[in-house]
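Student: If you want the building blocks of each chain, they are given just below.
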Amino acid sequence: MWRDALLVGGKDLRIEARSRVALAQIAPFGMIVLVLFAFALGPDQSPLVHAAPGLFWVAVLFSTVLAVQRSVAVEAGDATRDGLRLAGLDPAGIFLGKAAAVGAQLLVLQAVLAAGVLLLFGARVVHPWLLLGTCLAGAVGLAASGTLYGALSAGVRLRETLLPFLLLPVVAPVLLAGTRLWQSSLAGGAPDAGASWMRLLLVFDAVYVALGVVVFGPLTEAA
Amino acid sequence: MAPAAPVPAPALFLRGAVALSGRFPLLAGVDLEVAPGEVVLVEGPNGAGKTSLLRVCAGLVPLASGTVRVLGGDPADVRTGVRRRIGLLGHASHLYDDLTVAENLRFAVRAAGAPVDGIGPACERVGLVGRLLRTPAGKLSAGQRRRVALAALVARRPELWLLDEPHAGLDASARGVLGVLVAEAAAAGSTVVVASHEPELVAPLATRAVTVAGGRVVADRATPRPVSTAGTGVADVA
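Which chain is which? The protein sequence lines are A and B, in order.
First residue of the first sequence: 1, per our numbering; consecutive thereafter.
First residue of the second sequence: 1, per our numbering; consecutive thereafter.
Bound conformation, chain A alone (with noise of 0.2 angstroms):
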């Protein structure tokens, strides 16, 4: 399993290194949803800070079903899917080797996004580790139900919409606890506070990396 996982998930990030989907249009996209927030809340500074945790978030799950998305679109070209299938490759492996590769993507389109809200809407980090720790999580929750629905949708004629429509209900609690511990990481208050959003965020998390792992075999093989 893991070494399907290595395997695929190396060859979405050579792809994604050579295509630069991430980097120059879905990372652009995210900037320009976090400016046009911040023209629609004016230019006071006191409510885009206030707003900045949230409106980052917003920002990363948008980003989020563009990712998933291409990560869908890499195998449907060609029937690659198909080839993956008639490797024999372990659909677990497969999973989280997909997964991982959006994993990292997201990981890098958040600190371009981290440096967005800091410098656009000034706010100030107070407890980094708390903030990366909360981007880390987030990540691995994303990625996991992204590419679990990805799947999902993958046979699916309008798969395009289908995919934000399935998805961005259902990764709600990482928009909540993702905004609330940034909001400890940002405004200064005590780590501590955010415990319980943590623990909901790493539950989650938990919950589709193990879903993804055994759910993602027959739903490949039904699409």
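Calculated directly from the structure, the hints in this document are not laboratory data.
Where hints are given, some of them may not hold.
[Claimed, not checked] If you want a taste of the chain A side facing chain B, the calculated C-beta under 7 angstroms gives, among others:
(1) Leu7
(2) Ile15
(3) Arg18
(4) Ala76
(5) Ala79
(6) Thr80
(7) Asp82
As the structure is a prediction and not an experimental result, all values here were calculated from the model.
Glycine included, each C-beta is placed from N, C-alpha and C at the ideal position.
Following the hints, position chain B against chain A.
Tutor: Relative to the frame of chain A, chain B by itself:
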């Protein structure tokens, strides 16, 4: 009295195989048995079920009823590991456009658990050399993509070759090479099933010809000539 020689298990065994796409029958009760080392030509008109038959054998299409056993296992169950012993050259080439030819081949061979040292010789056999190996698959012509898929098949060295219209998109030289490769695979003990609308290219190699119509096998006959490279264009490429 000497004990009777054991009968080898069939490489391919289908009994009453029914496959559906929604409510539309792809296969409507196929009975077929192919012994190890046989080269079987599958003929039939468009929509007869040739491609579906091969996809069922590759484990890509599940059966609604009936039995399929490939190399002793159920190809639809990925846990059996049977798929790694099957090579399918179908209508698609299974190539990633952003990866080079060499990267695509390395991924395909490693994913199938085969040694990568077979890639170089396989590329030379199908004429993939030099700059072509460093070319992204997205820039290849349809015929070149077909050659890459063929190279991946050869490098994997599967025990069962499933070839669906393998000559489509190939030039005369590549068609000749394909004939040689099929003959060599059969000589090495692999089983080959070829679905083709160009039986004159496959018949010289085939030990049997099976006709499919309406999702069923309607004729099954031995071909008059044994496995050889005659008439496959070998002389053209040698």
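Student: Is the shortest C-beta separation between A:Arg18 and chain B less than 7 angstroms?
Tutor: OK, holds: A:Arg18 within 7 angstroms of chain B, min 4 angstroms.
Student: Quick one, is the A:Ala79 hint okay against chain B at 7 angstroms, beta carbons?
Tutor: Since the shortest Cβ distance to chain B is 4 angstroms, the answer is holds.
Student: Under the criterion of a CB-CB separation shorter than 7 angstroms, is A:Ala76 in contact with chain B as hinted?
Tutor: violated, 11 angstroms
Student: Mind checking the CB of A:Ile15 against every CB in chain B and telling me if the closest is under 7 angstroms?
Tutor: holds, 5 angstroms
Student: Against chain B, with CB atoms and a cut of 7 angstroms, does the hint on A:Asp82 hold up?
Tutor: With a minimum Cβ separation of about 6 angstroms from chain B (threshold 7 angstroms), the hint on A:Asp82 holds.
Student: Please check whether A:Thr80 passes as an interface residue: C-beta within 7 angstroms of a C-beta belonging to chain B.
Tutor: Hint holds; A:Thr80 Cβ to chain B Cβ min 5 angstroms, cut 7 angstroms.
Student: Given A:Leu7 was flagged as interface, is its beta-carbon under 7 angstroms from a beta-carbon of chain B?
Tutor: holds, 6 angstroms
Violated hints amount to a single one, hint 4; each of the other numbered hints is respected by the structure.
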